[in-house]
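Quick one: dock chain against chain with the hints and give me the complex.
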Amino acid sequence: MSKSHRVIYTPESRLRHPIQLFREMGQDLLASRELAWRLLVRDISAQYRQSLFGFVWAFLPPIVTAIGLVLAKNVGAVNIAETDIPYPAYVIFSMTMWQTFTEALNGPISALSLAKPMLAKINFPKEAIILSQLGQLFFNFGIKLFLIVGLFIWFHVPVGWTVFLAPVALVHLIVFGTFIGLFLSPISVLYGDISKALPLILTPWLLITPVIFPVPTSGLFATIVNLNPVTPLLVTIRELAIGLPLSNSAGFWIASAIGWVGLILAWIFYRLTMPFIVERISS
Amino acid sequence: MTFATSDKNMFDQGKDDREVLVRAEGVSKKFCRSLKKSLWYGLQDIGSELVGRKYEHELRPDEFWSVKDVSFELRRGECLGLIGRNGAGKSTLLRMLNGLIKPDRGSIEMQGRVGALIALGTGFNPILTGRENIYVNGSVLGLSKAEIDEKIEEIIEFAGIDGFIDSPVQGYSSGMQVRLGFAVATALSPDVLILDEVLAVGDAAFRNKCYRRIANVRKNAAVIFVSHNMEQVARICDKTLVMSVGEVAFLGNLDQGIAVYDRLNDDGEEQDESFLSLHPPLTYFQAQLSHDVLSSGSPLNIQFSIESCDFLEDFLLRINFYDISGAFAADCNFFARDHKIPPLSGTSHWDVSLSSIPLKNGLYWISFSVIDREGDIVVWSHKQQKIKIVDAYPGANANCQLQLGHWLT
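Same order as they appear, the protein sequences are chains Z and V.
For the record, in the first sequence the residue sitting at position 243 is 232 according to my numbering, with numbers rising by one throughout.
For the record, in the second sequence the residue sitting at position 29 is 64 according to my numbering, with numbers rising by one throughout.
Next up, chain V with everything else stripped away, as it sits in the complex (with noise of 0.2 Å):
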């Protein structure tokens, strides 16, 4: 079964009275590949600004569209996940509808106030303190001194270094430094946030943090936020607008977006990580799956050959499942003596299924591993085996997809 539009639609019912904050129509930014041209059509560009010239836009030798044609609205209290490969554009679009530099075609609207976690720490300077610091770039970020001073101690609060806040800058570690910046950064209440990509670092308590944060500004806020970690998207956003190359493309809801991104990240080379070990006494390993292609949380039978030199009794058969980035999605342990599997003597055949495979939408690499009664690893075969699984519901987050018993009214 699958779902067309995002289930989130069906509740919305105001949506369309919110006021739209950021409105971008056919926006478009070139680019200079080489550093003497860029400088000499900087100098041009300053000149056909200068004397009020209407200028046309076209490409000059060695430029390109870094962007191109990107329109979109985003209203209050919507969150826009920003996604694309390295170098699809995002950033350049990012410092357009911050103000930072003109687009070439097009026009961007923003209402309101804007606020951009773009570069933490700017204006630091190392030598004063974290807080004289703070002072320094909450201004650069357009806090007024009122402002930083009733926000002060939350804001040494939430970069969580107390007893640090006094003392220069230069010894804080990277992570402290980010630290800082970010909440700084909290102490704004704007009508429009940009984040770019700055959830990347800090510990996982930071994280949560900035999180509980982010989703407090955007009940009053429009958010855009540009992540490559797919699930802190999935958390925070509703909508996404992929670039690829410069151009949109796909704009709309959450789950299609990162479908269409996984799919530009897909190079079509599988990086091949499959190995087999095996130690004696077994000296042949083989095994075969029943499927391909497996409904989520339908039976899988695995049909194994192996062939023992000696006597091996007591072991543990693993059966391991990673998703495609190489995380791990599930796996099972079973000791022998439990199933009443004779000892390994010889040539073996084992069936083995598995009752469910309960797991989300996608592509899953296998292993299998025999363990003897020491702990050592007899045979592992490493990836050698994948598997498909589909009709899973499309907007599940979590691999482990928990199964009905029954649901009666």
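Chain Z extracted, bound-state conformation (with noise of 0.2 Å):
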């Protein structure tokens, strides 16, 4: 790590200092954008190289699973109600918004623990991991941009003028998604347990959140979905890509705030922690 000034490193706690903290913080954000960069267009060359197929795999997933779901329903093996677009449309859009939540969820957690070899010996500015992991986020979400693009000419989805807010509203979602994966993943480092869980959290999450479902008006499920923190921010993305008037906007505000604030604090969090994980994995 490059430092052209003076350092100190004391075992005292650095939350002891918390203008130093935050100044080193915003210094070390600034330094990693180069070297995130370059791990991220190392890390997508290194991708893209070795396949044949390379931007389909990223859209496929999405387009699958529409075609399980919407033959499930044709033949009334599940029991959905209408949805305000074609249903096709409807699932993979949603679909595609969930898989980026899922994405930026383990983004962090899966950068570190690739990252270990990098960790253990060199000092760098553990900003720029995730950095590059949000910037492939967001290099994949361009390529499925396409598919939804193409889905919406396909279904002669009508689009009003707040489709160009619908992506600030995406970014809610990832922040969201982004603060959980940064908070779990130092531990996540140390014990394999948080990877081996997040699975099982995730699945039943899909089902508790209207993807491939529209929101439901009544009942006691009803109050789970909207008690989700993701059911506004997606729920609001969709509405803003389509043109209907936002039927939660309180939701997403809150949802919104709690995403932005656990950002910040799981930043200090990770800031604090890294460098205990580090003397902890195998050099």
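A portion of the hints provided could be inaccurate.
[As the list claims (entries may be wrong)] Lysine to aspartate or glutamate pairs mimicking EDC-like chemistry, simulated, CA-CA at most 16 Å apart: (1) V/K180 / Z/E23; (2) V/K395 / V/D426; (3) V/K421 / V/E308; (4) V/K71 / Z/E23; (5) V/K395 / V/D366; (6) V/K375 / V/D358.
[Claimed, not checked] Chain V residues, not near chain Z, derived (Cβ > 12 Å throughout): (7) Y207; (8) N264; (9) D327; (10) V387; (11) S404; (12) Q419; (13) K421.
[Stated by the list, open to error] Derived contacts from chain Z toward chain V, CB cut-off under 8 Å, selection only: (14) R(-5); (15) R5; (16) I8; (17) P106; (18) I111; (19) W143; (20) Y180.
Derived from the structure by calculation, the hints contain no laboratory data.
Note that CB positions come from ideal geometry on N, CA and C, so glycine has one too.
Structure (structure tokens):
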């Protein structure tokens, strides 16, 4: 790590000098821009260099899931209410958003796991790993965007001017996912339980989010779905994209606030815990 | 004649004016033996950090001090050799100096840009080409894109892998990968340079390039060099910090430091590699030295007793000296006919005198062999004798210490 000033390392907790801590965090974030870009270019190049079909894999999963669900719905195997836009478009759009959320959540965890050799040996701004992973997330989403645009055209889905606000709402969703992932990531380096538990949590979570079904209107299930913080985020993105009036803007702002505040806290947590994590991984 | 302090001190005039770039005071670090406890203690430490609680850092069950109470200062232009046996705590100390882990006690102050050659090729992705990996690795080490662009030709040239720079790294041999990693690291112009056993690889030509490069960096920086190769340490460093079981065993000049390290490495278990190999016509061979301890440059007498059941003429007497690490220190070969030695038959006694043993201080093993005219070894007494040489200049590097004829004014 290159620092052109004086640094003092002591066993004291860095929370005792919060101003210095915030200054360091800001400096490291700036310093990590270039490295994050390098890592991003490295990972994307390596991934696509080794693949024949490259981009196709990025948007195949939602399509396959959607086909499965559409067939199931049409034969009556699952009982799903009518959606605002044609069901295949609804499902693919919502699945894509959901997958962006899970990728944002898993991102920091898998990024730290992959970067273990680097972490153990060299001192570099660790924000770079997280930023690089976010970059990959946006890149992958960019590819999926083509799919969504094509879908909307195919199904003649009407869009209003609010579609340009949809990406902003998407950012809030990503922030929410990243906050959870960032918070879990340091401990996940030590204990493998976290990576094992995540799929067990995410799958039921999908089922209480209006991804494959529209927002339920009554009953206990509706209450649960509406308490789910991802719901207002997802629903708002969808409504902005299609041009519908926002049904739950209060919920959206609350969930966003939780996401952003949580992200800052998770960043501080990440910052404070990383040296202890680095100590315990083998070099 | 011995010197108590490093002769380099005599020439250092403005030494105290140079700025201190590295200062460690009472640095200590705990380590846990058991993995499960280690992870749990990690969580406990995180807890204390988050609460901001003052934590006394005593030893918990299964913990021990891997680094204890290390203090030293390093100024610009100095090179510190950090030596010690495996497990002495050197790498842990380096990781603390590098800011990777926090000390449990004490403090570390680092001034300026720190460059660490601790792991070469970090961040390499084997699928990408060498050129692309230069940018990745350089970025991880802290170089900006502008700096790498400026030095890229120099880096490629230093690595010496011209034709392959645009091929995927997975096709490189391990030596090539190391050279590429080192070449990128040489583009750093740090204020403090930390080298952790990275000069162990590469061929001699490459290592020479590295020495020159380090000597260059050294003019404007402080260097900390970790190695088990005392020749390299002697070549690059001017002071040493010897660590033993986490504590400082010695901090001071180079020669004494190396002597302390050698003593630490001497288990007391002498490896017995000696043997006597006798072939017909010889049936008995015995050599006796005149001295167990000899002053460097003095003569040595050897008495030989040999029995032979048949004639042996036109033979060669060879004497080899080996140093403690097993390397050749000196040898000599004498043809019997040049010295009018009669052919061997029955019992013979030889009185051989070597006019001078100009070796540096240390313990040496001696081998004797007699070789017949066909080149077959008739007798080989390997490392059955040893001799201790003293009184040579303590800071000597080479085994062979030239003797002075005269020095007049």
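These are the hints, each one checked on the structure:
As the CA atoms of V/K180 and Z/E23 are separated by approximately 8 Å, the hinted pair is consistent with the 16 Å bound. Our distance criterion of 16 Å between C-alpha atoms is met by V/K395 and V/D426, whose separation comes to about 8 Å. Simply put, V/K421 and V/E308 have alpha-carbon atoms about 12 Å apart, close enough for the 16 Å limit, and the pair holds. Between V/K71 and Z/E23, the direct Cα distance comes to roughly 37 Å. Violation of the 16 Å bound is thereby established for this hinted pair.
Distance restraint check for V/K395 and V/D366: the Cα-Cα separation of roughly 14 Å lies within the 16 Å cut-off, and the hinted pair is therefore satisfied. In summary, the hint linking V/K375 to V/D358 is not supported, as the alpha carbons are separated by about 32 Å, beyond the 16 Å threshold. A cut-off of 12 Å between C-beta atoms confirms that V/Y207 is not in contact with chain Z; the least separation is 16 Å. Distance to chain Z confirms V/N264 as a non-interface residue, since its nearest Cβ pair spans about 21 Å, more than 12 Å.
At roughly 46 Å from the closest C-beta of chain Z, the C-beta of V/D327 stays outside 12 Å, upholding its exclusion from the interface. The Cβ of V/V387 sits about 55 Å from the closest Cβ of chain Z, beyond the 12 Å cut-off, so the non-interface label holds. No beta-carbon of chain Z comes within 12 Å of the beta-carbon of V/S404; the shortest separation is about 48 Å. Every beta carbon of chain Z lies more than 12 Å from that of V/Q419, the smallest distance being close to 45 Å; the non-interface claim holds.
Interface exclusion of V/K421 from chain Z stands, the closest Cβ pair being 41 Å apart, more than 12 Å. Interface restraint check: Z/R(-5) against chain V, minimum CB-CB distance 5 Å, threshold 8 Å, status holds. For Z/R5, the interface hint holds, the least distance from its beta-carbon to any beta-carbon of chain V being 5 Å, beneath 8 Å. Proximity of Z/I8 to chain V is violated relative to the hint, the smallest CB-CB distance being about 14 Å (cut-off 8 Å).
The interface hint given for Z/P106 is met, as the beta carbon of that residue sits about 7 Å from the closest beta carbon of chain V, less than 8 Å. With 8 Å as the threshold, the beta carbon of Z/I111 comes within range of chain V, its nearest partner Cβ sitting at about 5 Å, so the hint holds. Because the smallest distance between the Cβ of Z/W143 and any Cβ of chain V comes to about 36 Å, over 8 Å, the interface hint for this residue is violated. Against a cut-off of 8 Å between C-beta atoms, the interface hint on Z/Y180 holds, since the closest Cβ of chain V lies about 7 Å away.
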